[in-house]
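Student: Quick note, the sequences are listed as chains V and S, same order.
Numbering follows the working numbering, in which position 33 of the first sequence is assigned residue number 33; successive positions increment by one, without gaps.
Numbering follows the working numbering, in which position 108 of the second sequence is assigned residue number 108; successive positions increment by one, without gaps.
I should point out that these hints are in silico values taken from the structure, not numbers from a laboratory.
Predicted model only: the values in this text are computed from it and were never measured.
Note that beta-carbon positions come from the ideal geometry of N, C-alpha and C, so glycine has one too.
Errors might be hidden in some of the hints.
Claimed, not checked - Covered stretches of chain S (chain V as the covering partner; in silico rule of three or more C-beta atoms under 8 Å from a C-beta of chain V):
| hint | segment |
| --- | --- |
| 1 | 29-39 |
| 2 | 69-77 |
| 3 | 127-134 |
| 4 | 172-186 |
| 5 | 235-243 |
| 6 | 399-409 |
What the hints assert, rightly or not - Going by beta-carbon spacing under 10 Å, a handful of chain S positions derived as facing chain V:
| hint | residue |
| --- | --- |
| 7 | Ala-246 |
| 8 | Ile-251 |
| 9 | Ala-277 |
| 10 | Glu-280 |
| 11 | Val-283 |
| 12 | Leu-295 |
| 13 | Lys-308 |
| 14 | His-329 |
| 15 | Asn-331 |
| 16 | Ala-365 |
| 17 | Arg-368 |
| 18 | Gln-386 |
| 19 | Ile-412 |
Read off the chains here:
Number of protein chains: 2
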Amino acid sequence: MELIEICRRAKEAKYKVQDLTTKEKNKALLKVADGLIKDTKTILDANNADYEEGKLSGMHQGMLDRLKLDEKRIEAMAEGIREVCALEDPIGEVMESFKRPNGLKISKVRVPLGVIGIIYESRPNVTADAFALTFKAGNAVILKGGSDAINSNIAITNSIRNSLRSLNIEPDAVQLIENTDRQVTTKFMQMNDYVDVLIPRGSAGLIRAVVENSTIPVIETGTGNCHIYVDKDADFEKAIPIIVNAKTQRIGVCNAAESLIVHKDIKDSFLPLFEKAMKEHSVEIRADKESIENLDGAVPATEDDFYKEYLDYIISVKTVSDVDEAIDHINKYNTGHSESIITENKDAAKKFLKRVDAACVYVNASTRFTDGFEFGFGAEIGISTQKLHARGPMGLKELTSYKYQITGNGQIR
Amino acid sequence: MELIEICRRAKEAKYKVQDLTTKEKNKALLKVADGLIKDTKTILDANNADYEEGKLSGMHQGMLDRLKLDEKRIEAMAEGIREVCALEDPIGEVMESFKRPNGLKISKVRVPLGVIGIIYESRPNVTADAFALTFKAGNAVILKGGSDAINSNIAITNSIRNSLRSLNIEPDAVQLIENTDRQVTTKFMQMNDYVDVLIPRGSAGLIRAVVENSTIPVIETGTGNCHIYVDKDADFEKAIPIIVNAKTQRIGVCNAAESLIVHKDIKDSFLPLFEKAMKEHSVEIRADKESIENLDGAVPATEDDFYKEYLDYIISVKTVSDVDEAIDHINKYNTGHSESIITENKDAAKKFLKRVDAACVYVNASTRFTDGFEFGFGAEIGISTQKLHARGPMGLKELTSYKYQITGNGQIR
Numbered sequence: 001m002e003l004i005e006i007c008r009r010a011k012e013a014k015y016k017v018q019d020l021t022t023k024e025k026n027k028a029l030l031k032v033a034d035g036l037i038k039d040t041k042t043i044l045d046a047n048n049a050d051y052e053e054g055k056l057s058g059m060h061q062g063m064l065d066r067l068k069l070d071e072k073r074i075e076a077m078a079e080g081i082r083e084v085c086a087l088e089d090p091i092g093e094v095m096e097s098f099k100r101p102n103g104l105k106i107s108k109v110r111v112p113l114g115v116i117g118i119i120y121e122s123r124p125n126v127t128a129d130a131f132a133l134t135f136k137a138g139n140a141v142i143l144k145g146g147s148d149a150i151n152s153n154i155a156i157t158n159s160i161r162n163s164l165r166s167l168n169i170e171p172d173a174v175q176l177i178e179n180t181d182r183q184v185t186t187k188f189m190q191m192n193d194y195v196d197v198l199i200p201r202g203s204a205g206l207i208r209a210v211v212e213n214s215t216i217p218v219i220e221t222g223t224g225n226c227h228i229y230v231d232k233d234a235d236f237e238k239a240i241p242i243i244v245n246a247k248t249q250r251i252g253v254c255n256a257a258e259s260l261i262v263h264k265d266i267k268d269s270f271l272p273l274f275e276k277a278m279k280e281h282s283v284e285i286r287a288d289k290e291s292i293e294n295l296d297g298a299v300p301a302t303e304d305d306f307y308k309e310y311l312d313y314i315i316s317v318k319t320v321s322d323v324d325e326a327i328d329h330i331n332k333y334n335t336g337h338s339e340s341i342i343t344e345n346k347d348a349a350k351k352f353l354k355r356v357d358a359a360c361v362y363v364n365a366s367t368r369f370t371d372g373f374e375f376g377f378g379a380e381i382g383i384s385t386q387k388l389h390a391r392g393p394m395g396l397k398e399l400t401s402y403k404y405q406i407t408g409n410g411q412i413r
Numbered sequence: 001m002e003l004i005e006i007c008r009r010a011k012e013a014k015y016k017v018q019d020l021t022t023k024e025k026n027k028a029l030l031k032v033a034d035g036l037i038k039d040t041k042t043i044l045d046a047n048n049a050d051y052e053e054g055k056l057s058g059m060h061q062g063m064l065d066r067l068k069l070d071e072k073r074i075e076a077m078a079e080g081i082r083e084v085c086a087l088e089d090p091i092g093e094v095m096e097s098f099k100r101p102n103g104l105k106i107s108k109v110r111v112p113l114g115v116i117g118i119i120y121e122s123r124p125n126v127t128a129d130a131f132a133l134t135f136k137a138g139n140a141v142i143l144k145g146g147s148d149a150i151n152s153n154i155a156i157t158n159s160i161r162n163s164l165r166s167l168n169i170e171p172d173a174v175q176l177i178e179n180t181d182r183q184v185t186t187k188f189m190q191m192n193d194y195v196d197v198l199i200p201r202g203s204a205g206l207i208r209a210v211v212e213n214s215t216i217p218v219i220e221t222g223t224g225n226c227h228i229y230v231d232k233d234a235d236f237e238k239a240i241p242i243i244v245n246a247k248t249q250r251i252g253v254c255n256a257a258e259s260l261i262v263h264k265d266i267k268d269s270f271l272p273l274f275e276k277a278m279k280e281h282s283v284e285i286r287a288d289k290e291s292i293e294n295l296d297g298a299v300p301a302t303e304d305d306f307y308k309e310y311l312d313y314i315i316s317v318k319t320v321s322d323v324d325e326a327i328d329h330i331n332k333y334n335t336g337h338s339e340s341i342i343t344e345n346k347d348a349a350k351k352f353l354k355r356v357d358a359a360c361v362y363v364n365a366s367t368r369f370t371d372g373f374e375f376g377f378g379a380e381i382g383i384s385t386q387k388l389h390a391r392g393p394m395g396l397k398e399l400t401s402y403k404y405q406i407t408g409n410g411q412i413r
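The following block holds chain V by itself, in its conformation from the complex (with noise of 0.2 Å):
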């Protein structure tokens, strides 16, 4: 079909989808979740025919663990659409009310964004997270997928349209672009007159692209250079376990931390221990001058170290004098997403909270709590590091807009 013939029906299909009722839309997605594991043998064999396409074109190991599906992994998908459906629908809801002198009432009342457009890569389980958080918040979504995961895209979002379809519900509320050309997905960007937002997810390179060319207004997501300041006054018991857990507990996420900044009061007796915990984790160390000296297996850190989302076994230090010269450093250095303090200080903790700029800013914790589900948001489309419409972890409400209605009996001005 063609790009232009997608964009009107799912102007059509917003109309319908924003209609339906909660009950309407949580007997759809219990549908949609079986129905995932009715056609399990569908989506496999696309699945499959993706991964050894993968394999013969010589695609990278977790890039191949990334595509991959199993029972187990639909399972999951139609797990997480049962959790969506458990939410509670935010659409409808009268955020405020007010009267006017000459009489007017004005109410503000949460809608749907409208029509949702979601760029991703390679994940195939994006395609039925990103259809149920949309749909739940009362959208259609127009859905671009990598290249490498197209027929399991296919499979999964026709499995989704037959289950809608039964139900009598518009099944355009979701469409995949099943032309992954380049052009297209260009296109796709400038489609303005259809489109209401653009949600990309995936790479750093895949968000920089849809910045750069989409007309459409964007939510960037995902991109994390997290820093963890251990202060002079912090408690390096809770330090260490904090830094092992962001550095090292899942490598290749956006909250994972990639930077340990100290205080140079502490750093003669707090370094060596860092040391020791990373090596435990086999993570290397690019140091500043200040720092190397008391770290006997790193290397040094260049300028270009602390702009670096690693997403890998590797941390850099930087040496500070004190809290103003780390959050300097941080809203230098930072990608606006997490950031934390080590510190008992409570002062310290009060300016690093206030001036650090980034969505979520930590006292004592681990950046890795960034997350809709541990924000206790049920699910997330993504972590937005722009201060545009939502920062932090988007769940549902911030797949809404809002309109205003109001009741008058003749006013005119």
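Based on these hints, arrange chain S on the given structure of chain V.
Tutor: Using the frame of chain V, we list chain S on its own:
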């Protein structure tokens, strides 16, 4: 000064502005208001240079009027700033606060957006307005006004900066891009590392240019193809004054009505009354096939007319069979600004409020009320017609973002 240096300074300044207390900001705003009055002569001299230049280059009379300042207009600018000073400071508000089962305390706190870029045309009063609102919401601002008003804008910005400096507040809280070359403006729209949000204020052409060229998140404002739908159950004594008000009270504004939609069952009785009222205000009528037979002096409307924001003494007329067709027509042609239904029928009103896709949807009132002052927000930076971040009149709150502040005692995942 080079653009990059302006951007660097704004990024430095934002950390200082966000640390100011409400008292410090208010004191500064009052000083700035007094300063503008004190500098009246300098500002008027500069403005006169722009005005003479405009006349020489054959500027349209309407544009010249908007460009022209006098003592009264400078007083109004100062008064506008004092009004912003009186508004509640949105910064620091704890929007939500909750504790997770693992003991993490999470607070969602309102913070400034950071650096805001405003791109506007030849109205020099925007310079003072935009500073006051962005500053009160804790932001640094970079202004890019039209070349036609460059001398006025330099004089106003200098006055504001001098007032800030006299209170030891960072003058780079407000900067003007004095180089009005198109290339510089385009480069400005791609300063993602420094500027958090761009807000264009002006014509549809300006806004389109910003949306197409910016890689920074944009808030689209102020294009209004607004409709009034007169239902079969309308009270004509409400309908006529509302249409006259919405169409003619001020023709050049975005919340003015551009199109009448009429239910076929009442067109014979209503349209003659409508035509009489329009004639009294010299409004040209462009009518569809069904309505033109009831209108003596109307010309036929083309498809193109229904897409037009005339901003002139012209109105289009479309006939429909029911409220559903009216809603579909609006959702096809509107710009998401303001739409009104005139009806005594509660079901029709309810359907219209729910299904029309626009920032502000009215029952029995003029679309002219879509305005920050009329909504009680005290002031506005513009009317957003997009769904991301803010919709409708944007006051101080809409110039803010939020961050999550999370306090733990050693939590790891």
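Student: Now tell me if each hint is right for this structure.
Tutor: We went through each hint and held it up to the structure:
1. By the rule of at least three residues with a Cβ nearer than 8 Å to a Cβ of chain V, the coverage given for the segment 29-39 of chain S is violated, with 0 such residues.
2. Closer than 8 Å: that is the beta-carbon criterion, and the segment 69-77 of chain S has 0 residues meeting it against chain V, so the requirement of 3 is violated.
3. Look at the segment 127-134 of chain S against chain V: 0 of its residues bring a Cβ nearer than 8 Å to a Cβ of that chain, fewer than three, so the hint is violated.
4. Note: the segment 172-186 of chain S has 0 residues with beta-carbon separation from chain V under 8 Å; the three-residue rule is not met and the coverage is violated.
5. Evaluation of the coverage hint for the segment 235-243 of chain S: fulfilled, as 5 residues show C-beta separations to chain V shorter than 8 Å, against a requirement of three.
6. Only when three residues or more bring their CB closer than 8 Å to a CB of chain V does the claim for the segment 399-409 of chain S stand; here the count is 9, and the claim holds.
7. Because the closest C-beta pair between Ala-246(S) and chain V is about 8 Å apart, less than 10 Å, the hint holds.
8. Given the 10 Å rule on beta carbons, the hint for Ile-251(S) is violated: about 13 Å separates it from the nearest Cβ of chain V.
9. Among the interface hints, the one on Ala-277(S) is violated; its C-beta lies about 13 Å from the nearest C-beta in chain V, farther than the 10 Å criterion.
10. With a least beta-carbon distance of about 15 Å to chain V, the hint placing Glu-280(S) at the interface is violated under the 10 Å criterion.
11. Look at Val-283(S): its Cβ only gets to about 16 Å from chain V, farther than 10 Å, so that hint breaks.
12. At a threshold of 10 Å, the smallest CB-CB gap from Leu-295(S) to chain V is about 23 Å, leaving the interface hint violated.
13. Interface hint status for Lys-308(S): violated, as the beta-carbon distance to the closest one in chain V is roughly 16 Å, over 10 Å.
14. Taking 10 Å as the C-beta cut-off, the interface hint given for His-329(S) is violated, the closest approach to chain V being about 13 Å.
15. This hint holds: Asn-331(S) has a C-beta 7 Å from the nearest C-beta of chain V, less than the 10 Å allowed.
16. Given hint, Ala-365(S) at the interface with chain V, holds; its Cβ is 3 Å from that chain's nearest Cβ, closer than 10 Å.
17. A cut of 10 Å between beta carbons decides the hint on Arg-368(S): the least distance to chain V is about 4 Å, and the hint holds.
18. This hint holds: Gln-386(S) has a C-beta 6 Å from the nearest C-beta of chain V, less than the 10 Å allowed.
19. Taking 10 Å as the C-beta contact cut-off toward chain V, the hint placing Ile-412(S) at the interface holds, the least distance being around 4 Å.
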